[in-house]
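2 protein chains.
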Amino acid sequence: MTSSVSPQPLPAGEPRWLDAEEQKAWRAWLYSAQLLQDRLDRDLTQRTGISHAYYEILVALSETPERMMRMSELADRCLSSRSRLSHAVSRLEERGWVRRQVCAEDGRGQLAVLTEEGFAALEGAAPVHVEGVRRELFDQLSPEQIENMRDFGETLLRHLDPNSLR
Amino acid sequence: MTSSVSPQPLPAGEPRWLDAEEQKAWRAWLYSAQLLQDRLDRDLTQRTGISHAYYEILVALSETPERMMRMSELADRCLSSRSRLSHAVSRLEERGWVRRQVCAEDGRGQLAVLTEEGFAALEGAAPVHVEGVRRELFDQLSPEQIENMRDFGETLLRHLDPNSLR
DNA sequence: GAAGCATAGTTGAGCGTTGAACTATTCCGC
DNA sequence: GCGGAATAGTTCAACGCTCAACTATGCTTC
Chain A
9 MTSSVSPQPL PAGEPRWLDA EEQKAWRAWL YSAQLLQDRL DRDLTQRTGI
59 SHAYYEILVA LSETPERMMR MSELADRCLS SRSRLSHAVS RLEERGWVRR
109 QVCAEDGRGQ LAVLTEEGFA ALEGAAPVHV EGVRRELFDQ LSPEQIENMR
159 DFGETLLRHL DPNSLR
Chain B
9 MTSSVSPQPL PAGEPRWLDA EEQKAWRAWL YSAQLLQDRL DRDLTQRTGI
59 SHAYYEILVA LSETPERMMR MSELADRCLS SRSRLSHAVS RLEERGWVRR
109 QVCAEDGRGQ LAVLTEEGFA ALEGAAPVHV EGVRRELFDQ LSPEQIENMR
159 DFGETLLRHL DPNSLR
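Chains as they are written, first to last, in this note's numbering: chain A, 9 to 174; chain B, 9 to 174.
Note that these hints are calculated values from the structure, not bench results.
The beta-carbon is built from N, C-alpha and C at its ideal position, and this holds for glycine as well.
Among the hints, erroneous ones may be present.
[As the list claims (entries may be wrong)] Computed, partial: chain B to chain A, Cβ under 10 Å: (1) A41; (2) Q42; (3) R47.
Whole structure, please, built from the sequences with the hints as guidance.
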């Protein structure tokens, strides 16, 4: 958290406070999202030694034909800042799961490449991950609720990040 | 992330992989949740100097009659570990927004007390926070989608944390 | 009332994230 | 092809979080 406060213009007039029903809806979403992410991350980390953040990086790389990707593209794909991704890839390099390679077409660029060891680690973690998502999310919801979840997510994504609905 | 891997029993048999539609629903939820939390936290932090985590602590304290709460109760309310909350309260103490006070009924306990300065900081941040939640969330959704969001959240909360539906 | 155990909270070290400053390369206009 | 702007990625320092170890108080049972 930076401490520099730059007060930007807020809409004038009384704040549009949430009423009791809106509060409940907001809290239900916030708490469920935090608890679910926390539970899945904890479960995956404890069982496989791979945090959800690292898992996402490995998945992204594994889904490309050559199992490699430009650093910036990988950062976007993982909703990560470049700095954060750079640190994370360094740590994955130490584990021998990813290596860096200068990009042939652009001398400024780097490619993150998934190693065989990295792919094996991902193969080990994937069943644990999918089982967690099933157990904590899909198994708890009706088909209609799942459809609503998707509709809700896609609506928000259109607003938050128009480029992310690939 | 700890690196100690303790392989616990997974259900035997083939993993129940997600099909294409399930993948889309899962990703829509995950990305929207991450982007929304990120956007709200960033916006609040930049405009007020108060992160969402700190904001939640101040709100919890402000909602009690005496503007004070036991550390553990506050941790539960904020979906926080005790350690995390203890660190956070220390940092809020440095800002003069919270102070600690030994609990009269239980010598082991501590009360976190919201100071006048802390309350003032909260009053300044609240309009910014609610405006963010409106702009990024409620304003993007139909009444039906809002109802679905609540239903979804409450369903998950019953599974994840049966005590959290006050 | 002492021993053993449970509970409340803090501390410290290590890891991860953040935002700003920095290096290196490429692109653009002339 | 030169100078300046833009882009790609890394590094650093400060902050925050996690887990485990620790202190201190209260509870229970004999």
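Comparing the hints with the structure gives:
1. Annotation: A41/B was flagged as interfacial toward chain A, and the flag holds, the nearest CB pair being 4 Å apart, inside 10 Å.
2. Hint status for Q42/B: holds, given a least beta-carbon distance of 5 Å to chain A, under 10 Å.
3. The criterion of a C-beta within 10 Å of any C-beta in chain A is met by R47/B, whose closest approach is roughly 6 Å, and the hint holds.
Hint check: no violations occur; every hint is consistent with the structure.
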